[in-house]
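Asker: Protein chains in written order, with the working numbering: chain X, 1 to 427; chain P, 1 to 427.
For the record, the hints were derived by calculation from the structure and aren't laboratory data. It is possible that some hints are incorrect.
Treat identical chains as interchangeable: a pair holds within one or across any two.
[As the list claims (entries may be wrong)] No farther apart than 30 Å at their CA atoms in a straight line, the calculated lysine-lysine pairs in the DSS-like style are these:
#: 1; residue 1: K240; residue 2: K225
#: 2; residue 1: K49; residue 2: K382
#: 3; residue 1: K117; residue 2: K240
#: 4; residue 1: K36; residue 2: K215
#: 5; residue 1: K222; residue 2: K31
#: 6; residue 1: K36; residue 2: K321
#: 7; residue 1: K31; residue 2: K335
Please read all numbers here as calculations on a predicted model, not as lab measurements.
2 protein chains.
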Amino acid sequence: MQVVNIAFLGFGNIGTGVYKIINKNSELINKREGIKINIKRILVRDINKKRPIDLPKDLYTTEINDIVEDPDISLVVEVMGGEEPARQYLLSVMKSGKDVVTANKEVIARHLPELEKTARENGVGLYYEASVAAGIPIIKVIRESLQANNISEIKGIINGTTNYILTKMSESGVGFKDALLEAQRLGYAEPDPTFDVEGMDAAFKLSILSTLAFKTRISVDKIYKEGITCIAKEDIIYGKELGYEVKLLAIAKKRDNVIEVRVHPTFIPTDHPLAAVRDAYNGIFVKGDSVENLMLYGRGAGDLPTGSAIVSDIINACHNKNKHNYLNMSEEEWKAENAVINNNWEAEYFIRMTVLDKPGVLARIAGIFGKHEVSIASVIQKGYKGTNASIIFVTHEAKELHVKNAIEEIRTEPVVINVDNVIRVEN
Amino acid sequence: MQVVNIAFLGFGNIGTGVYKIINKNSELINKREGIKINIKRILVRDINKKRPIDLPKDLYTTEINDIVEDPDISLVVEVMGGEEPARQYLLSVMKSGKDVVTANKEVIARHLPELEKTARENGVGLYYEASVAAGIPIIKVIRESLQANNISEIKGIINGTTNYILTKMSESGVGFKDALLEAQRLGYAEPDPTFDVEGMDAAFKLSILSTLAFKTRISVDKIYKEGITCIAKEDIIYGKELGYEVKLLAIAKKRDNVIEVRVHPTFIPTDHPLAAVRDAYNGIFVKGDSVENLMLYGRGAGDLPTGSAIVSDIINACHNKNKHNYLNMSEEEWKAENAVINNNWEAEYFIRMTVLDKPGVLARIAGIFGKHEVSIASVIQKGYKGTNASIIFVTHEAKELHVKNAIEEIRTEPVVINVDNVIRVEN
Chain X
1 MQVVNIAFLG FGNIGTGVYK IINKNSELIN KREGIKINIK RILVRDINKK RPIDLPKDLY
61 TTEINDIVED PDISLVVEVM GGEEPARQYL LSVMKSGKDV VTANKEVIAR HLPELEKTAR
121 ENGVGLYYEA SVAAGIPIIK VIRESLQANN ISEIKGIING TTNYILTKMS ESGVGFKDAL
181 LEAQRLGYAE PDPTFDVEGM DAAFKLSILS TLAFKTRISV DKIYKEGITC IAKEDIIYGK
241 ELGYEVKLLA IAKKRDNVIE VRVHPTFIPT DHPLAAVRDA YNGIFVKGDS VENLMLYGRG
301 AGDLPTGSAI VSDIINACHN KNKHNYLNMS EEEWKAENAV INNNWEAEYF IRMTVLDKPG
361 VLARIAGIFG KHEVSIASVI QKGYKGTNAS IIFVTHEAKE LHVKNAIEEI RTEPVVINVD
421 NVIRVEN
Chain P
1 MQVVNIAFLG FGNIGTGVYK IINKNSELIN KREGIKINIK RILVRDINKK RPIDLPKDLY
61 TTEINDIVED PDISLVVEVM GGEEPARQYL LSVMKSGKDV VTANKEVIAR HLPELEKTAR
121 ENGVGLYYEA SVAAGIPIIK VIRESLQANN ISEIKGIING TTNYILTKMS ESGVGFKDAL
181 LEAQRLGYAE PDPTFDVEGM DAAFKLSILS TLAFKTRISV DKIYKEGITC IAKEDIIYGK
241 ELGYEVKLLA IAKKRDNVIE VRVHPTFIPT DHPLAAVRDA YNGIFVKGDS VENLMLYGRG
301 AGDLPTGSAI VSDIINACHN KNKHNYLNMS EEEWKAENAV INNNWEAEYF IRMTVLDKPG
361 VLARIAGIFG KHEVSIASVI QKGYKGTNAS IIFVTHEAKE LHVKNAIEEI RTEPVVINVD
421 NVIRVEN
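Could you build the full structure based on these sequences and the hints that come with them?
Answerer: Set out below in structure tokens:
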């Protein structure tokens, strides 16, 4: 039996989940993995804070050095979140020869090169399965099951909050605000939901996944981000008529070393497996040249699903002691500025607008699309409110900039009252 | 750069797929994994057979000893299939100190205890990711990502042939025979499709998955098997009315050390993620007490998807050289006779019958169900052909034996012309 003394940095919801699993399944872990996980120290801001689990007071400390300098502690679980001081703490801990398991997407997305380098130089393990999609083992699958693949594409529903909201809007017909309120009531959305609904959370995760999949450092700042706050009931209704569900997709594509990375609301066909990812679930679709299409689906958040990934990482770190895997990426590949990012991608577009219901309007708008090399695949026209009508165009594959230019010109047409929404379509 | 000399046992479709990947992605594998895979020898039955790939004649041999006794070969890829001589060859190869990667579900399902023991005794690796669901890394996920979970349930669509046939029947409205012919035409079904359509193939895979998930040896002979040949268009039509899709599910459940293992056509709700697994795709749903619900989806067959898993296994075997993982199961757990299997499971049932269209028939049949403790959740009655009617009952959760007894009695009723089908429902 290998005994591993661990310390926690932070002990909120996720930390408590890890604690619960270690306790509940200790026998399983002893028996199957030959490992006994022993919690030696917990770093918190306030020792006297009331916590849901009653642990001996002397486990807690407010001093990071009590952990860094404790030679009995061989592994540190970081669940404090945020960029600093998490980054500093992780570096100190690794430099003192301890393995690290973290659930912190921000610190991994922003500082993977530095953290990976420090891990390698000190011969310690850096594990971060829980930083993306909680218990879904997408990182290990990319690193240890798809090595025989050139990965060309990732499409992920990797934010449970927005997926819950969009599912609610699609299935109950409520608007964004009501769906958000419901998500907040259930604890799926924060009181300030900006980070989730504007796509930042998904962008951090996509930065990590695309870096690993493409072996090219993709900085989160290079990722195009568009949130879901503008999605209206009408978009969902007309999308359904066209056979689409709307999802906040995190998309990364690589063609001949040119990379697209973008997070935005996206229509996908209702029979696409990602369309079946409902509520707060996550799903990540990967395309490789050997495996073809692979998807992983599961809970992307929550104390126990996240804890599942963390405890698995702890166990794997123990098995790999002193022989951890590192990413074989060159100095050049680690430099974010070397990634060739294309923001003028090709996609199909769903474009909804309100126009005056007059003869010739359709021809006029179609003419503008044509002028900008945007060809139309289908049109739905709906009359309403007497003089106004809704028109929905779905384009064939077109370049982002061409579509933008076309829409700019369309907006100037006197017959066009408003371009209500533009939503990209992925098949 | 680690050079690994490998040999193939067999070189059909899958072997060729592995060869293609090793060639196409050799640079990727060199660069990212530090491994050069070198094909040293290929065991075939007929050296002079025409093959799709042109390799030097002296690579081929018909003598297993040319491989077993070659000290330069450190890893053997078995893609010959079948129980014997594959089992004997694998044992010999491992006893000579070579690692083994196999795609052979039969030999793994039937002989895992012996093979695992031999691997452990000889300090060599035994890798068999490709034996279940090709490129979907379900075995590695169960073994190396879900260690912190008590797994209570597996539900899998793990046979592409039957899933293609059922999808075709569901989406094009054709009958079983026509769908089978189409599957054969496309190469998804063998000329003799028995092994697939009768559930044997899925049972072999379920035996492997349930043994790994429950750490209890589940022999394939203990698995209840029922094929899809009896699924009629009417079942699919009425199923849809009730909100179900039909799938050949491989189900394993564990409650308090009592295990159910069964392969049979199953209705699942159309919004279940497994219902979105269409055509020849596979999907495997796993429930664990920490991760909650997890599903993996992808190609469950084909030369490249299977090759993806095999090459990944080769790479992992190289990284783990002399420190392979073995299953921590006791002698008692390895004995198939020790598994407590329950064949009297509880499920909901869809029961379709043809009856005389007379007053009182429904009450009479409902009465028989009640007598056998089977309670009815919903009924659809359809009149047709004058004097006959179709009735579909969907039960609440009921015991398999109670349902069987009820149906036996219902069959003896003069008003019942036929009990057309009984299909279990999983939610």
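Asker: Determine for every hint whether it applies to the structure shown.
Answerer: Structure-based check of all given hints:
In this assembly of identical chains, the alpha carbons of K240 and K225 lie at most 30 Å apart only when taken from the same copy (24 Å versus 39 Å across copies). When the C-alpha separation of K49 and K382 is checked against a cutoff of 30 Å, the pair qualifies neither within a copy, at 59 Å, nor between copies, at 65 Å. In this assembly of identical chains, K117 and K240 lie within 30 Å of each other by CA distance neither inside one copy nor across copies; the values are 48 Å within and 55 Å between. Taking the closest pair of Cα atoms, K36 and K215 come within 30 Å of each other only across two copies (19 Å); inside a single copy the shortest separation is 35 Å, beyond that limit.
With identical chains, the CA atoms of K222 and K31 are at most 30 Å apart between copies only, with a shortest distance of 26 Å across copies and 46 Å within one. Taking the closest pair of Cα atoms, K36 and K321 come within 30 Å of each other both inside a single copy (15 Å) and across two copies (25 Å). For the homomeric pair K31 and K335, the shortest alpha-carbon distance between copies (18 Å) is at most 30 Å, but the shortest distance inside one copy (43 Å) is not.
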